[in-house]
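Asks: Below, each chain spelled out in residue letters.
Protein chains: 2
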Amino acid sequence: MTSVEQHNRMANAIRFLAMDAIEKANSGHPGLPMGAADVATVLFGKYLKFDPKNPLWPDRDRFVLSAGHGSMLLYSLLFLTGYEDMTMEDIKQFRQLGSKTAGHPEYGHASGIETTTGPLGQGIANAVGMAIAERKLAEEFGSELQDHFTYALVGDGCLMEGISQEAIAMAGHLKLNKLIVFWDDNKITIDGAVSLSDSTDQIARFKSVNWNTIEVDGHDQAAISAAIEAAQKSDRPTFIACKTIIGFGAPNKQGSHKVHGSPLGAEEIAAARKALNWEAEAFSVPADVLDAWRKAGQRSDGARKAWEERLAASAKRGEFVRRFAGDLPEGFDAAIDAFKKKVAENNPTVATRKASEDVLEVINGLLPETFGGSADLTPSNNTKTSQMKSITPDDFSGRYMHYGIREHATAAAMNGIALHGGLIPYSGGFLIFSDYCRPSVRLAALMGIRVVHVWTHDSIGVGEDGPTHQPVEHLAALRAIPGLLLFRPADETETAECWQLALHEKHRPSGLALTRQNLMPVRLDYAQKNLSAAGAYELRKADGAKVSIFASGSEVEIAVKAAEALNAKGVATRVVSVPCVELFFEQSDEYRAEVIGQAPVKIAVEAAVREGWDAIIGSDGAFVGMKSFGASGPAKDLYKHFGITVEAVVAAAEAKL
Amino acid sequence: MTSVEQHNRMANAIRFLAMDAIEKANSGHPGLPMGAADVATVLFGKYLKFDPKNPLWPDRDRFVLSAGHGSMLLYSLLFLTGYEDMTMEDIKQFRQLGSKTAGHPEYGHASGIETTTGPLGQGIANAVGMAIAERKLAEEFGSELQDHFTYALVGDGCLMEGISQEAIAMAGHLKLNKLIVFWDDNKITIDGAVSLSDSTDQIARFKSVNWNTIEVDGHDQAAISAAIEAAQKSDRPTFIACKTIIGFGAPNKQGSHKVHGSPLGAEEIAAARKALNWEAEAFSVPADVLDAWRKAGQRSDGARKAWEERLAASAKRGEFVRRFAGDLPEGFDAAIDAFKKKVAENNPTVATRKASEDVLEVINGLLPETFGGSADLTPSNNTKTSQMKSITPDDFSGRYMHYGIREHATAAAMNGIALHGGLIPYSGGFLIFSDYCRPSVRLAALMGIRVVHVWTHDSIGVGEDGPTHQPVEHLAALRAIPGLLLFRPADETETAECWQLALHEKHRPSGLALTRQNLMPVRLDYAQKNLSAAGAYELRKADGAKVSIFASGSEVEIAVKAAEALNAKGVATRVVSVPCVELFFEQSDEYRAEVIGQAPVKIAVEAAVREGWDAIIGSDGAFVGMKSFGASGPAKDLYKHFGITVEAVVAAAEAKL
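These protein sequence lines map, in sequence, to chains A and B.
Those letters in the first sequence? Residues 1 to 657, by the UniProt record's numbering.
Those letters in the second sequence? Residues 1 to 657, by the UniProt record's numbering.
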């Protein structure tokens, strides 16, 4: 068997597994796996550094299938190269409930799935994050422990999505030369030809953002090899445009949008079998082909062993292992505790964004793995502490990234950094712009990864910038995302607690909603216990309370003052601080009932829409908050104008009593 | 006074109004108004076709300040050129509560503000939409009625945001040659130099998406003039890169990020006064300068009068006026009514995305102003009806746009089309990808404009594509946006009603959440009244009901069957269909109380998260829906797996009874 023949048979194994699985599921996307099979065969067959027996080897090359609808390409590769948790039975279960082989690749379902893709453009931005992580860790631990490539395969959809521009501009600026992106250039989208909606010269586009570019015939294995070897030597990220035929091998349907997202049908599969001279039955791989693939899966075994030896000999071994395990260093909780003690001595009146900076100063001093940044709002988000030197394209010794005005790629890159391992990414933005990166936040929640979003300017407290910059629906919208923890601390003590919780969450993303404006301290006494951990807790007690006031963040101050006013009038009133609704609803029924309490009047105060609060105060509870968008004006005027005041809370209580 | 001198004084008037207003407000962004004053002076002074006395003249040139933080540039221009509703008093009230001069330009606050900007990148995409509308209407009504340019001014922030890539790729593909974009190339962002985060060659980037490009010194009026004249003759959209000095004229601060977003301070303003040789007091404009500006404001008076004459003489006058008034044609409601009658004869089992196509077939036959499209999901969204020929770069006689895989720019372009007037844009996407365009949806709601999003594949009913494609939090997240109407019809009749309501909403955007899967009809009898108009209504009555079941969309079928099962067991059960939560909460207290009813057990059924439903069923109500992300598998398996079934509803009712 010549090498060309072997290559073709290896590639065809991918094609037929894809055809067969999609046919059986009666659902799926054969076009990409068939069209990109040659590119994937060259990459996985000859170049990718990976070890199916050690799928989490920290120095493996990363491969991201950004065009996630082509999931059968990845599943086929995992099976063929010998990942033990991807069996032929799993391939047969494609797109069935409970299977590892979901419609789109899902992180955590099987080894070798480096990230969840499907929503277009996310994968390429994840890959940028992985390449950032690699470069940073190589700087920190040396090339003997970190020295790998990150590859991504993208389609036209990924490249049309705006996030791709943010991501490639970021990568080109940072000269991420170990990032190599293959474009499956098949000129087809769901509506038909790409030319229906786009005329972009992609090569020129990537050149404009400082990329190395190469064009190849995506079915010419030698050309693909040469391109990868050239890319590996580039001083900049490389874009390899691979001209392919979508659905390659399906003689009557290839090259058309009909093969993009539907099974081929038995007849066309039979025709493909003939056209590609493929003898094997459905769901079977000829022995010679499987053997060749399994050998490819063992190709990096020596490299991995050599790496293990280097790690064993490294003085940095302990730290490297800890960092990739994602464990926090000893002393973390004690440091937060000490910080809380200090806060309780001063009880400063401070914006929570500033409180966050103070906590971060402690965290970043203790955790070398935190990797900070901001989407061009550094002076507003207070995310850059004294330890955080800025990263530049030529110097990755810093720990702070100026991500640029690119919220979406920032969030997706943070996902990639977290997925890579070894670093804990956090970055700043305005809460209003959580909308710009929502698809990536959602994916972090779906994947269950530790990224922390520092969302400042979290209400009409923004003031003069007006309604375009004042979140009113964002707290509710973020709380609606399963698996995301949204923290809204009320003062410096709660801010420290929320950061502590966020960092302990190894398998959940967090967002911290923080104020622009100063807040009065409400937690006056030091408590070792992290009270915010329960999501909500009684902040001010009152025997035989007639009124319970629930509030988060900046409105806890209003709640406390209103309670004081009501208590002074003889109306026993308690206050519950609610720094994290999601955690509160994870508590026991007993705890929840106790915290919600028996007071006949329940009031919630939050400078945002009511949606979600009825779950705590009931549909007959009173809500003091926003019913509309905000307005431009000084923050104090706005709180008054929109009726979010101590007086309004008192009046609401009295009206209900 | 030479022309150069006059130009400089006119530009300086902008600069000092900006400095003064921002100083007085002690808040705002002087950098852009000062840096871009020369560009704006040339454009407004010599080229822009506009009439401050007739600000809504349909054939005016549109000007979009995409870099909305530079709002004082626009307010100054509106005042100087003589818009009657922009007085010096308004300028003095900059950023104060209730003023027209909000922190960022807000559509509807004053004439001449063509769109709300501030969230970066939105404006340039709005401008693309306006240019699309102009080209389409010129095709339809002839150049005697529609023949204008669309100008936009963008900063680095706009160009870094991904939406800008989607927008410029769309515009370049469509050869929107009457779109002219100025880039305020000042090399500064909030974090510092642009070079901290970006190395893009913007000229090369725009060329790669088929734009004409020109580079000028942004303080050289002759060069700016020449560039505009060349751009007006281009056969493609034009990008004019204007090298500027941010904060031009502030001698000690210009050129640095310190002038971007903070008042200059009295001392620096005094220094600027000296440097620019400006004699006038704060908030006063020398008579010669004001006179020159007011003349500029009258420059297009003749053109407007000639246009009025052409309109008066046009056979298309009535239709043109109706279209720009935004009124629906006579017979619209009757046509929907007739459609509903026909539906009631067959009561088809049909997916609501197909029902939507059927209604659109009627609507598009009657309303020439509907402008359809999809973000590359035409065969899935069912948005293209028989009347809808596809638009191509060379032929705008069609009414259907293949927007490409660009949800964000699609939504923002739709905003621009609606703002332009003369067309009603609707476009399709998957509901999951409402996240990709959320910032534009929010702005449509904030502005109060009629755009309609057709969001199909609205739940786990998506099936095999899995959780990346299954919205579970999106209904709650969209309902949280003030001013947006989210419709989720249950069958073909409700789909017709929801479309009718959406199109009648002249001043609100709508989204229709529609199913991929077939639904049983639940509204069996014809009713002339639009029952969906109340947001929720009793679909199945039951005397002395013990159980009320509330549901929307695909889950109404489940609710109806569960009610039948309960009634058969002797448990009197009624069903309330909730096609639009927002409209329901706008009804009278009496109606709401009546619809919610007195049944002791309340159950809501929706294949989505609970958030929001407590407002209807109370925190003690039962909810049958999603508590997590979905999964990949056949839709029927998923409904069963996640417990959204008739049996589960019956069991929930029995457990509560």
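If you're looking for bench data, these hints aren't it; they were derived computationally from the structure.
Hints are not guaranteed to be accurate.
[Stated by the list, open to error] Listed next, the stretches of chain A that the computed footprint assigns to chain B, with coverage defined by at least 3 CB atoms under 8 Å from CB atoms of chain B:
#1 99 to 107
#2 139 to 149
#3 313 to 323
#4 430 to 437
#5 506 to 513
Each residue gets a CB set at the ideal place from its N, CA and C atoms; glycine is no exception.
Asks: Does each hint hold? Answer for all of them.
Replies: Checked hints:
1. 99 to 107: holds (count 5)
2. 139 to 149: Result for this restraint: violated, n = 0.
3. 313 to 323: violated (count 0)
4. 430 to 437: holds (count 4)
5. 506 to 513: Check failed, 0 qualifying residues.
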